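Novice: Protein sequence lines, in the order shown, are assigned to chains A and B.
Once you know that position 437 of the first sequence is 437 in this note's numbering, the rest is easy, because the numbers rise by one and skip nothing.
Once you know that position 223 of the second sequence is 223 in this note's numbering, the rest is easy, because the numbers rise by one and skip nothing.
Worth flagging that the hints you see were computed from the coordinates, not collected in a lab.
None of the values given here were measured: they were computed from a predicted structure.
Ideal placement from N, C-alpha and C gives every residue a C-beta, glycine not left out.
Be careful, since some hints might not be right.
Said to hold, decoys possible - Quick list of simulated restraints, FRET-style, between CB atoms:
#1 B:PRO306 <-> A:GLY231: 20 to 28 Å
#2 A:PRO136 <-> B:ASP317: 25 to 33 Å
#3 A:GLY231 <-> B:GLU249: 53 to 61 Å
#4 A:ARG491 <-> B:ARG329: 17 to 25 Å
#5 B:PHE63 <-> A:HIS517: 19 to 27 Å
#6 A:GLY240 <-> B:GLN327: 14 to 22 Å
#7 B:ASN172 <-> A:GLY231: 32 to 40 Å
#8 A:GLY131 <-> B:ASP317: 32 to 40 Å
#9 A:LEU184 <-> B:PRO306: 52 to 60 Å
#10 A:PHE133 <-> B:SER247: 50 to 58 Å
#11 B:ASP219 <-> A:VAL484: 42 to 50 Å
#12 B:PHE80 <-> A:ARG491: 36 to 44 Å
#13 A:PHE230 <-> B:ALA296: 43 to 51 Å
Said to hold, decoys possible - Only pairs whose alpha carbons sit at most 20 Å apart, straight line, appear in this in silico SDA-like list of lysine to any residue:
#14 B:LYS123 <-> A:ARG23
#15 B:LYS73 <-> A:TRP342
#16 B:LYS339 <-> B:ALA266
#17 B:LYS107 <-> A:ALA313
#18 B:LYS299 <-> B:GLU277
#19 B:LYS162 <-> A:ALA462
#20 A:LYS195 <-> A:ALA462
#21 B:LYS71 <-> A:TRP342
#22 B:LYS123 <-> B:LYS318
#23 A:LYS195 <-> B:VAL324
#24 B:LYS339 <-> A:ALA237
#25 A:LYS495 <-> A:TRP509
#26 B:LYS162 <-> A:ALA466
#27 A:LYS425 <-> B:PHE63
#28 B:LYS281 <-> B:HIS244
#29 B:LYS107 <-> A:GLU421
#30 B:LYS144 <-> B:HIS244
#31 B:LYS162 <-> B:VAL178
#32 B:LYS318 <-> B:LEU341
#33 B:LYS299 <-> B:GLN360
#34 B:LYS180 <-> B:THR115
#35 A:LYS425 <-> A:VAL484
#36 B:LYS299 <-> A:GLU70
#37 B:LYS71 <-> B:HIS81
#38 B:LYS71 <-> A:GLU421
#39 B:LYS339 <-> A:TRP509
#40 A:LYS425 <-> B:LYS71
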Amino acid sequence: MSAVTPDQLHDDHHHHGPTGLMRWITTTNHKDIGTMYLIFSFIMFLSGGVMALTIRAELFQPGMQVVQPEFFNQLTTMHGLVMVFGAIMPAFVGFANWMLPLMIGASDMAFARMNNWSFWLLPVAAILLIGSFFVPGGATAAGWTLYAPLSVQMGMGMDLTIFAVHIMGISSIMGAINIVVTILNMRAPGMTMMKMPLFCWTWLITAYLLIAVMPVLAGAVTMILTDRHFGTAFFNAAGGGDPVLYQHVFWFFGHPEVYIMILPAFGIVSQIIPTFARKPLFGYASMVYATASIAILSFVVWAHHMFTTGMPAATQLFFMYATMLIAVPTGVKVFNWVATMWRGSMTFETPMLWATGFIFVFTMGGFTGLICAIAPIDIQVQDTYYVVAHFHYVLVAGSLFALFAGAYYWLPKWTGHMYSETIGKLHFWCSIIFFNITFFPMHFLGLAGMPRRIPDYALQFADFNALASIGAFGFGLSQLIFIVAVVKCVRGGKKAPASPWEGAEGLEWTVPSPAPHHTFETPPVVK
Amino acid sequence: MSVLARFAVTTLSAVPAAGAWAAQSSVNLQTPVTAVAAEIYDMHTLMMIICLVIFVAVFGVMFWSVFHHRKSKGAVAAHFHENTMVEIAWTVVPVLILLGMAYPATKTVIAMKDTSNPDITIKATGYQWKWGYDYIKGEGEGIKFVSNLSTPQEQIQGRAAKGEHYLLEVDNPVVVPVGKKIRMLLTANDVIHAWWVPALGVKQDAIPGFIRDTWFRADKEGVFRGNCAELCGKDHGFMPIEVHVLSAEKYAAWVADQQGKMAATAEDPTKEWALAELVAKGEQVFAANCAACHQADGKGMPPAFPPLDGAAIVQGDKAEQIKVVMQGRDGTAMAAFGKQLSDTDIAAVITYTRNAWSNQTGEAIQPAEIAAAHN
Numbered sequence: 001m002s003a004v005t006p007d008q009l010h011d012d013h014h015h016h017g018p019t020g021l022m023r024w025i026t027t028t029n030h031k032d033i034g035t036m037y038l039i040f041s042f043i044m045f046l047s048g049g050v051m052a053l054t055i056r057a058e059l060f061q062p063g064m065q066v067v068q069p070e071f072f073n074q075l076t077t078m079h080g081l082v083m084v085f086g087a088i089m090p091a092f093v094g095f096a097n098w099m100l101p102l103m104i105g106a107s108d109m110a111f112a113r114m115n116n117w118s119f120w121l122l123p124v125a126a127i128l129l130i131g132s133f134f135v136p137g138g139a140t141a142a143g144w145t146l147y148a149p150l151s152v153q154m155g156m157g158m159d160l161t162i163f164a165v166h167i168m169g170i171s172s173i174m175g176a177i178n179i180v181v182t183i184l185n186m187r188a189p190g191m192t193m194m195k196m197p198l199f200c201w202t203w204l205i206t207a208y209l210l211i212a213v214m215p216v217l218a219g220a221v222t223m224i225l226t227d228r229h230f231g232t233a234f235f236n237a238a239g240g241g242d243p244v245l246y247q248h249v250f251w252f253f254g255h256p257e258v259y260i261m262i263l264p265a266f267g268i269v270s271q272i273i274p275t276f277a278r279k280p281l282f283g284y285a286s287m288v289y290a291t292a293s294i295a296i297l298s299f300v301v302w303a304h305h306m307f308t309t310g311m312p313a314a315t316q317l318f319f320m321y322a323t324m325l326i327a328v329p330t331g332v333k334v335f336n337w338v339a340t341m342w343r344g345s346m347t348f349e350t351p352m353l354w355a356t357g358f359i360f361v362f363t364m365g366g367f368t369g370l371i372c373a374i375a376p377i378d379i380q381v382q383d384t385y386y387v388v389a390h391f392h393y394v395l396v397a398g399s400l401f402a403l404f405a406g407a408y409y410w411l412p413k414w415t416g417h418m419y420s421e422t423i424g425k426l427h428f429w430c431s432i433i434f435f436n437i438t439f440f441p442m443h444f445l446g447l448a449g450m451p452r453r454i455p456d457y458a459l460q461f462a463d464f465n466a467l468a469s470i471g472a473f474g475f476g477l478s479q480l481i482f483i484v485a486v487v488k489c490v491r492g493g494k495k496a497p498a499s500p501w502e503g504a505e506g507l508e509w510t511v512p513s514p515a516p517h518h519t520f521e522t523p524p525v526v527k
Numbered sequence: 001m002s003v004l005a006r007f008a009v010t011t012l013s014a015v016p017a018a019g020a021w022a023a024q025s026s027v028n029l030q031t032p033v034t035a036v037a038a039e040i041y042d043m044h045t046l047m048m049i050i051c052l053v054i055f056v057a058v059f060g061v062m063f064w065s066v067f068h069h070r071k072s073k074g075a076v077a078a079h080f081h082e083n084t085m086v087e088i089a090w091t092v093v094p095v096l097i098l099l100g101m102a103y104p105a106t107k108t109v110i111a112m113k114d115t116s117n118p119d120i121t122i123k124a125t126g127y128q129w130k131w132g133y134d135y136i137k138g139e140g141e142g143i144k145f146v147s148n149l150s151t152p153q154e155q156i157q158g159r160a161a162k163g164e165h166y167l168l169e170v171d172n173p174v175v176v177p178v179g180k181k182i183r184m185l186l187t188a189n190d191v192i193h194a195w196w197v198p199a200l201g202v203k204q205d206a207i208p209g210f211i212r213d214t215w216f217r218a219d220k221e222g223v224f225r226g227n228c229a230e231l232c233g234k235d236h237g238f239m240p241i242e243v244h245v246l247s248a249e250k251y252a253a254w255v256a257d258q259q260g261k262m263a264a265t266a267e268d269p270t271k272e273w274a275l276a277e278l279v280a281k282g283e284q285v286f287a288a289n290c291a292a293c294h295q296a297d298g299k300g301m302p303p304a305f306p307p308l309d310g311a312a313i314v315q316g317d318k319a320e321q322i323k324v325v326m327q328g329r330d331g332t333a334m335a336a337f338g339k340q341l342s343d344t345d346i347a348a349v350i351t352y353t354r355n356a357w358s359n360q361t362g363e364a365i366q367p368a369e370i371a372a373a374h375n
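This is chain A alone, in the form it adopts within the complex (with noise of 0.2 Å):
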């Protein structure tokens, strides 16, 4: 470097970087990209929700009237896709791009122009999946797990959503590696480890499981691309291939993938209830602890997800057990916020509201999914409606319900602007009320045996279908209500101070609202 000057100097205060679109696609700036990464997961979550309607107006009644079974299967695929990769994923970047260098009191994320590239590959990767619908053939239709041989039969859509994995793979990657270096060397004096806010924790451990289970993912897919093109036979018994394998690889990743997606949502409601309760976080080494050890059980829980395969009894035995282990550290930290709660002195803001729906409702996700690993239970309601009702609980409920009460309660951060609580109000009440009129009913389908991934149905699951399609209606229509609430709040409201919550701590709430461009350019230092 060369000397600095004076005026260079006073350049590091003042953004004079390219305005306009160019100011978007160039920018290393972490509060950018962060911004770029909300918007992104916001416009996916809502081609998703689209996808999610068709479905749920499809199966609003036995019959079929609104769409082919051919392109039902490409829908329900391209929903769990679109949601899981294009929605959820990068909603929780985002957050960890914004917040993390704020609350541990970084100038920027370690890597920046790195991290502006993790972001620009996303729009990409959902061209390449989004655009599949129109190729010949259309979409992929083997289910978001894109199971082997049935992906292998698929059309060109098959080969387009590998290569959107792959990319999605490589920008995830990318930005798991900039949030480890990011908190492990630039954490403000006197930050230690034990003393960073829990969301700073939770994404720590998720972007090691990210580092660790992505390339594994990449590496089934392919196996699945040269099967497909290169004569390979990873997969056909015909030429020494087991289909299984398929299935171990893809859940070796897709395990600790659900965790990659609830575990920053833990993060966020962390951070939120001691807020609202205006008292500490009960046991907060005991979050950290439980974190990690939810993060390594996930990777021996896998075969959970294929007790209808056939495996011996010993491998069903030692999953069963390792998986019903989970339930341990998830209800430490039920019981945590729980106690969190207990003689606070709370008050119910929006973010607070979500926060304790998400507890709510996160745990009856938690208790069927402790039923779902009784693997006799299992074996009953695997592929059925219960496991749809299942996740749903836990990745609607559980993350997407952390994610918008961590959008409320960093919006005054992010815009200088209070939100106005009766929009942020009705959208929780809405929300939660349609969510549990949608997914509730699926227990009973899926239990008196309604399989999952099925366009048309037997008669005596035409009432519960109908009931959850009206819920989706509304849970759909609802979140248009967020879209309001953020615009109103962009464009002007309350100013808000740089603390606006009463019971707040951390740094991020040091610098003003909303968040100067270059923050903690001079470390603070954290006694």
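Keeping the supplied structure of chain A fixed, place chain B upon it in accordance with the hints.
Specialist: Frame of chain A; chain B shown alone:
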């Protein structure tokens, strides 16, 4: 989930439901008819009760706190943030509860895996999108048939009223005797399927190239229905399973009847068929095996399922078409029918496609030609 579920279970089961499915609960697992299914049912009930108790305890505390420890009610925040004894307790107690849950589950897993000493062994093969059954050992040995969805397209497309067993009915059900241990061998021809009959407590993936097994012993006579439970392509939702459990005498009568029919329909492979006969037979074979993809009008659903009407392969060299029908096309949904259908059926269906719609080759393919193609 527990509170509402239990509430719903109690209220809804108190309502006398009307209709043919009244006997089946629509909010809980189906009424079990095997010992294993009954164990699963009871285990699920036990788990629901345990979860309900935990649910009430945890959320009782949480909602008590939500309603009483509010700033608006003058609550002043305490400052405690850890308590080693409490934290140890809520780690150890769940472990003990889990041990209590694991014990019955382990016994059931071991029982479910014990496929030894069956009375009858049946192999089920998953095809896109139907099931094939071979009775390979025990009473009824040698019986084989293919089981297709029997719900008419008119009902699915909404042009006719839907029947009582809409989408859960087949042309040839699996028939087994009551009280006998039935071992099911599962495999598949193309992609992974899963053979699932909830009332029997059986779900087993059918994996192409491998054989897996499972078993059941039905304690009650009756008709039990299920579905394919693994996404297997376009018509995954349209390949149900229907199991008829009969008394020993009725089962013996069914076996005799099947064996008689098989002898009667065993075709003379050297017979020369007339074109019209082949076309008439072929139309039926086409409807049962081909129309799902290629469509009754031969237009297909391109590009995944190509049309046959006017297609070069159907109008051109018959040897090439015979090869595709018998061996399938790798990497597509076109299955190899060489081992699924009889030579006569293959000859008939090829003849039909070459003389249906705008295809008018006038050629009759004889079973002997198919037999020759096997070699």
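Novice: Does each hint hold? Answer for all of them.
Specialist: Verification of the supplied hints:
| no. | hint | result |
| --- | --- | --- |
| 1 | B:PRO306 <-> A:GLY231: 20 to 28 Å | 23 Å, holds |
| 2 | A:PRO136 <-> B:ASP317: 25 to 33 Å | 26 Å, holds |
| 3 | A:GLY231 <-> B:GLU249: 53 to 61 Å | 55 Å, holds |
| 4 | A:ARG491 <-> B:ARG329: 17 to 25 Å | 58 Å, violated |
| 5 | B:PHE63 <-> A:HIS517: 19 to 27 Å | 43 Å, violated |
| 6 | A:GLY240 <-> B:GLN327: 14 to 22 Å | 20 Å, holds |
| 7 | B:ASN172 <-> A:GLY231: 32 to 40 Å | 38 Å, holds |
| 8 | A:GLY131 <-> B:ASP317: 32 to 40 Å | 38 Å, holds |
| 9 | A:LEU184 <-> B:PRO306: 52 to 60 Å | 56 Å, holds |
| 10 | A:PHE133 <-> B:SER247: 50 to 58 Å | 53 Å, holds |
| 11 | B:ASP219 <-> A:VAL484: 42 to 50 Å | 59 Å, violated |
| 12 | B:PHE80 <-> A:ARG491: 36 to 44 Å | 43 Å, holds |
| 13 | A:PHE230 <-> B:ALA296: 43 to 51 Å | 37 Å, violated |
| 14 | B:LYS123 <-> A:ARG23 | 65 Å, violated |
| 15 | B:LYS73 <-> A:TRP342 | 14 Å, holds |
| 16 | B:LYS339 <-> B:ALA266 | 16 Å, holds |
| 17 | B:LYS107 <-> A:ALA313 | 10 Å, holds |
| 18 | B:LYS299 <-> B:GLU277 | 24 Å, violated |
| 19 | B:LYS162 <-> A:ALA462 | 12 Å, holds |
| 20 | A:LYS195 <-> A:ALA462 | 53 Å, violated |
| 21 | B:LYS71 <-> A:TRP342 | 12 Å, holds |
| 22 | B:LYS123 <-> B:LYS318 | 33 Å, violated |
| 23 | A:LYS195 <-> B:VAL324 | 68 Å, violated |
| 24 | B:LYS339 <-> A:ALA237 | 18 Å, holds |
| 25 | A:LYS495 <-> A:TRP509 | 15 Å, holds |
| 26 | B:LYS162 <-> A:ALA466 | 17 Å, holds |
| 27 | A:LYS425 <-> B:PHE63 | 18 Å, holds |
| 28 | B:LYS281 <-> B:HIS244 | 28 Å, violated |
| 29 | B:LYS107 <-> A:GLU421 | 53 Å, violated |
| 30 | B:LYS144 <-> B:HIS244 | 15 Å, holds |
| 31 | B:LYS162 <-> B:VAL178 | 30 Å, violated |
| 32 | B:LYS318 <-> B:LEU341 | 18 Å, holds |
| 33 | B:LYS299 <-> B:GLN360 | 16 Å, holds |
| 34 | B:LYS180 <-> B:THR115 | 12 Å, holds |
| 35 | A:LYS425 <-> A:VAL484 | 12 Å, holds |
| 36 | B:LYS299 <-> A:GLU70 | 16 Å, holds |
| 37 | B:LYS71 <-> B:HIS81 | 19 Å, holds |
| 38 | B:LYS71 <-> A:GLU421 | 17 Å, holds |
| 39 | B:LYS339 <-> A:TRP509 | 72 Å, violated |
| 40 | A:LYS425 <-> B:LYS71 | 18 Å, holds |
Comparing the model with each earlier hint shows violations of hints 4, 5, 11, 13, 14, 18, 20, 22, 23, 28, 29, 31, 39; every other hint is respected.
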